[in-house]
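Take these sequences, add in the hints, and give me the full structure.
Residues in the sequence shown are numbered from 61 upward in steps of one, following my numbering.
By construction, these hints were calculated from the structure, which means they are not laboratory data. Mixed in with the good hints, there may be bad ones.
Said to hold, decoys possible - Keeping only pairs whose Cα atoms sit at most 20 Å apart, straight-line, the calculated EDC-like set for lysine to aspartate or glutamate is:
1. Lys92 - Glu81
2. Lys145 - Glu158
3. Lys201 - Asp137
4. Lys82 - Asp303
5. Lys257 - Glu222
6. Lys225 - Asp240
7. Lys257 - Asp281
8. Lys201 - Asp233
9. Lys145 - Glu186
10. Lys201 - Glu189
11. Lys257 - Asp231
12. Lys257 - Glu241
13. Lys92 - Asp303
14. Lys257 - Glu294
15. Lys92 - Asp115
16. Lys310 - Asp137
17. Lys225 - Asp251
18. Lys145 - Glu189
19. Lys82 - Glu108
20. Lys92 - Asp302
21. Lys225 - Glu189
22. Lys92 - Glu308
23. Lys82 - Asp302
24. Lys257 - Asp303
25. Lys225 - Asp252
26. Lys82 - Glu294
27. Lys92 - Asp137
28. Lys201 - Glu222
29. Lys225 - Glu241
30. Lys201 - Asp115
31. Lys310 - Asp74
32. Lys225 - Glu186
Unchecked claim - Ranges between beta-carbon positions, derived for each pair:
33. Asn86 - Gly213: 22 to 30 Å
34. Arg239 - Lys82: 23 to 31 Å
35. Thr182 - Asp302: 48 to 56 Å
36. Gly213 - Asp88: 25 to 33 Å
Bear in mind the structure is a predicted one, so any value in this text is a computation, not a measurement. Don't be surprised by glycine CBs; every beta carbon is placed ideally from N, CA and C.
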Amino acid sequence: MNTCVCSDIHGQFDAWYSALEKSGINFDDGDKLVILGDLIDRGNQSYEAVSFAIDLQMAYPEQVVYLMGNHEKMMLDFLNIREPKSPEGYYELIQLGELWLMNGGGATVNYFVEGSPSSEPTNVLEVYEFFHTFYPCMIQKLNALPYYHIDGGVVYVHAGFESGKPLLLQDADTMVWIRDEFYNGFSPVADDELDGKLIVHGHTPVQYFDDYTGSGFYRGDHHICVDGGSAMGEKVLVVNMDDMSYVEQKIQSNNDVKQIKY
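This is the structure in structure tokens:
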């Protein structure tokens, strides 16, 4: 049985599916898959990517783990506003909705609309109402995504952890947003669950690390990064954690992403 890990698909479903096929992952043989978040935004196949991940989880609940990424969290922070038509709620809705839409969410909206009988939303409130009307089950499932996963000597997370803080006290925003503070040096609390474990994450494309070799994943002193840079049209990575082999699938055309209209 093998454990494969991937991250930051960003709507590039075709490349992701091809990479998984080439990896040889076989769920019927007991193989596992850990998805480190950011399946949505930027590319034009966010609907396919999220649907596929949720279907895999339902079919293989003990083998497939889908973690929260900062892009899922941006979308959910917006969609979880409880009273969007109150003055306070509407102001918050505009702020959080525009933050998500400007960070690639516009592409996600456009392609979720294509799979529904709805006309295209024309403002942030209509986007909110559209998702709650047509995708309430998806919202519920995404809200249940965990922020980390431990398997033996490995901890999986979207972005990383804050030094000097026990795992159970780590902040949700930190786990999906942290960058340099974690990469440049991480010190776990002695005898905590994070102590002595390898941390596998995405969030920052491997190309951003100065000493990256140019192929595969990035290996740091205390962490491994598996974000292949699909958000900027580079590649999708699938890494086998048992033998550290990997598949990298180049993104051909960035899927001709539509212009954001919001």
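>> Which constraints among the numbered hints does this structure fail? Numbers only, ascending.
In response: 14, 16, 21, 27, 28, 32
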